[in-house]
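Peer 1: Spelled out, the chains give:
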Amino acid sequence: MIAKPIVLGLGLAALALGSPTLAAPAPLPAPYKGVYQPQGVDEIGMWREDDESERRLAASPLVLRDEKLTSYVKGVLCEAVGNDRCNAARVYILREPSFNATMSPNGTMRVYTGLLLRVRSEAELAAVLGHEFGHFEHRHGVNGFKSARGATDVLAWAQVLASMSSSYDVRRSYQNLELSVYGSFFRYKRDQEREADLTGLGYLNASQLQPQAASAVWKNLMGEAEASARVRGLKKPNFNAIAFTASHPPDGERATYLSELALPEGASRGDGADRYRAALKPWLPQFLEEQIKLNDFGGSDYLIERLAEDGWTPELWFARGELFRTRGNQRDLANAADFYTKAIEANSNLAPAYRGLGLSLLKLGRTADGQKALRTYLQLSPAASDAGMIKLMVPGGTAQ
Amino acid sequence: MNRQIAISLAAVLALSASEVSYAHSLKKQGEAVQVADSNMTVTPSRDWNRLSGKVGKQTESWTLDGEQLNDVTFFGGIEPGKPLVKERSKKHDPLPKFTETTLLVEVPELLEGTYRTYKELAAFTLGASAPAKFLGRDGVRFAYEFTDRDGLTRKGEAYAVIVDKRLYMTAFDAPRLYYYDRAIAEFRALTDSARL
Numbered sequence: 001m002i003a004k005p006i007v008l009g010l011g012l013a014a015l016a017l018g019s020p021t022l023a024a025p026a027p028l029p030a031p032y033k034g035v036y037q038p039q040g041v042d043e044i045g046m047w048r049e050d051d052e053s054e055r056r057l058a059a060s061p062l063v064l065r066d067e068k069l070t071s072y073v074k075g076v077l078c079e080a081v082g083n084d085r086c087n088a089a090r091v092y093i094l095r096e097p098s099f100n101a102t103m104s105p106n107g108t109m110r111v112y113t114g115l116l117l118r119v120r121s122e123a124e125l126a127a128v129l130g131h132e133f134g135h136f137e138h139r140h141g142v143n144g145f146k147s148a149r150g151a152t153d154v155l156a157w158a159q160v161l162a163s164m165s166s167s168y169d170v171r172r173s174y175q176n177l178e179l180s181v182y183g184s185f186f187r188y189k190r191d192q193e194r195e196a197d198l199t200g201l202g203y204l205n206a207s208q209l210q211p212q213a214a215s216a217v218w219k220n221l222m223g224e225a226e227a228s229a230r231v232r233g234l235k236k237p238n239f240n241a242i243a244f245t246a247s248h249p250p251d252g253e254r255a256t257y258l259s260e261l262a263l264p265e266g267a268s269r270g271d272g273a274d275r276y277r278a279a280l281k282p283w284l285p286q287f288l289e290e291q292i293k294l295n296d297f298g299g300s301d302y303l304i305e306r307l308a309e310d311g312w313t314p315e316l317w318f319a320r321g322e323l324f325r326t327r328g329n330q331r332d333l334a335n336a337a338d339f340y341t342k343a344i345e346a347n348s349n350l351a352p353a354y355r356g357l358g359l360s361l362l363k364l365g366r367t368a369d370g371q372k373a374l375r376t377y378l379q380l381s382p383a384a385s386d387a388g389m390i391k392l393m394v395p396g397g398t399a400q
Numbered sequence: 001m002n003r004q005i006a007i008s009l010a011a012v013l014a015l016s017a018s019e020v021s022y023a024h025s026l027k028k029q030g031e032a033v034q035v036a037d038s039n040m041t042v043t044p045s046r047d048w049n050r051l052s053g054k055v056g057k058q059t060e061s062w063t064l065d066g067e068q069l070n071d072v073t074f075f076g077g078i079e080p081g082k083p084l085v086k087e088r089s090k091k092h093d094p095l096p097k098f099t100e101t102t103l104l105v106e107v108p109e110l111l112e113g114t115y116r117t118y119k120e121l122a123a124f125t126l127g128a129s130a131p132a133k134f135l136g137r138d139g140v141r142f143a144y145e146f147t148d149r150d151g152l153t154r155k156g157e158a159y160a161v162i163v164d165k166r167l168y169m170t171a172f173d174a175p176r177l178y179y180y181d182r183a184i185a186e187f188r189a190l191t192d193s194a195r196l
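Chains as they are written, first to last, in full-length UniProt numbering: chain A, 1 to 400; chain Z, 1 to 196.
None of these hints come from the bench; they were simulated from the model.
Worth double-checking, as some hints may not be accurate.
What the hints assert, rightly or not - Just so you have them, the derived chain A footprint on chain Z, three or more residues with Cβ under 8 Å:
1) 91 to 102
2) 117 to 130
3) 147 to 160
For clarity, every value in this text was computed on a predicted model and none was experimentally measured.
Cβ atoms here follow ideal geometry from the backbone N, Cα and C, with glycine treated the same way.
Bound-form chain A, shown alone:
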């Protein structure tokens, strides 16, 4: 990374210029100006669309309807950005397995379940939510729209003018212009992301939570991407390269500058990991199931192992068993049987673990042991949705 010789007064300006190397922590956020109303036709139009979209969202079956979890997530946002700011946001948890959260101009915040599975503490969650709130506070939505419209306007006019000339040179200049306009448009988007990163970190620095968590989020994501690529036999991802059309700065750069901008004294603060685990506990098995069935072996195994750093639970052993059984090589089945057994040792009433164990053992040729496990599954869960099919695989065909 190249350090720029001139460090501009605020980190914000330096970031906007694309220099991520900064010595000072991210600044405290400016006093909140209160709820704003849309200004100008563009913003008024966007809000109108946004209100309509939120109306549909509120009725959508994709929203996870758990008031307790939703108000917890909202609480973490408030913890990060302060109570006066957080009143501007309405939080919806969406059943989407990817790592994402968004906040739109009218204050609708969408938090994906894939994000909740991936962050491991209140501080990490607050880092992402603070970043999204930063977009909102800087009105990036409307500015991005204007920038895109400006870019396409320029190109449309240029194309008209170029088409009026038959010279090859003119057409080539148009192509050069096109590249340069799109280049600056995507760079503008990346700068918006950096600005939101900085603002998010400013909130975190001013909060009771550990600001170093922001950098950890990106490091974890890189770890997952690497694990996923490794298992798929792909090249190790380059976390420092910027694709021409990238809308976000590279993860490697983000992890570095977020770490540098975090208030050093903040490292001694709590990160709320225990509270986060407790809040997520009722949903963790489901989120894990949703992840495992995405067929990303490396990424899923990485996530499970990261969660297990705080101790293996029956649910985590079970999830790992499911992951290995789903891939289904003979060695995977042997491992799966082992993981299911560990889950059962820790919780002898975990019915689905007996199912997984039974199926794995049957496929390994250990028919008697497999049937025994399936019988236990039927005893523990006689009304299981697949009981009819399982009974066929057990001699006698009944649950006795």
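Starting from the structure of chain A, add chain Z where the hints point.
Peer 2: Quick look at chain Z alone, frame taken from chain A:
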């Protein structure tokens, strides 16, 4: 000039003629037809539309009102080691595979994994599965439900059987509201008529 028009017209006609083979086609009531490039035949009890697009190598889709409204997919003998539908990218977005060791009881999970991965869904629920006859053999019938990115919840039902290590399946999904109930009986009749 006239000659140019004639040439252009010929080109247009040639194009439209070559497109005929890709167009949707009508499957008439009572006529037995082979489906999904396989030996599986069905005899529809009413007219159906066959969609021209294919989601996978040995698949075929039929509909009454449109792809998103009621969608029957035939899987005609998926070989071991193959996914149910064509992968967008074998390397970057691999789909779960049907294997020689896949048990009939695991077929619902295979369909679930395929849908989730292909559509990047979190909202998918497997319903009841039970033994059922399909293609005259012992197979499985199962129900499922998922909410697609369009926010619409769809219900589904599928029948599957493994014959000579190959997977044969018919799957039907349609919006939970109205369309599912409207066509489920037609789908079951179609499945009952399937022969190998």
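Peer 1: Against each hint, give a clear statement of whether it holds in the structure.
Peer 2: Going through the hints against the structure:
1. 91 to 102: Holds: 8 residues of the region 91 to 102 of chain Z have a Cβ under 8 Å from chain A.
2. 117 to 130: holds (count 11)
3. 147 to 160: Three-residue rule met by the region 147 to 160 of chain Z, so holds; n is 3.
Violated hints are absent here; each numbered hint is respected by the structure.
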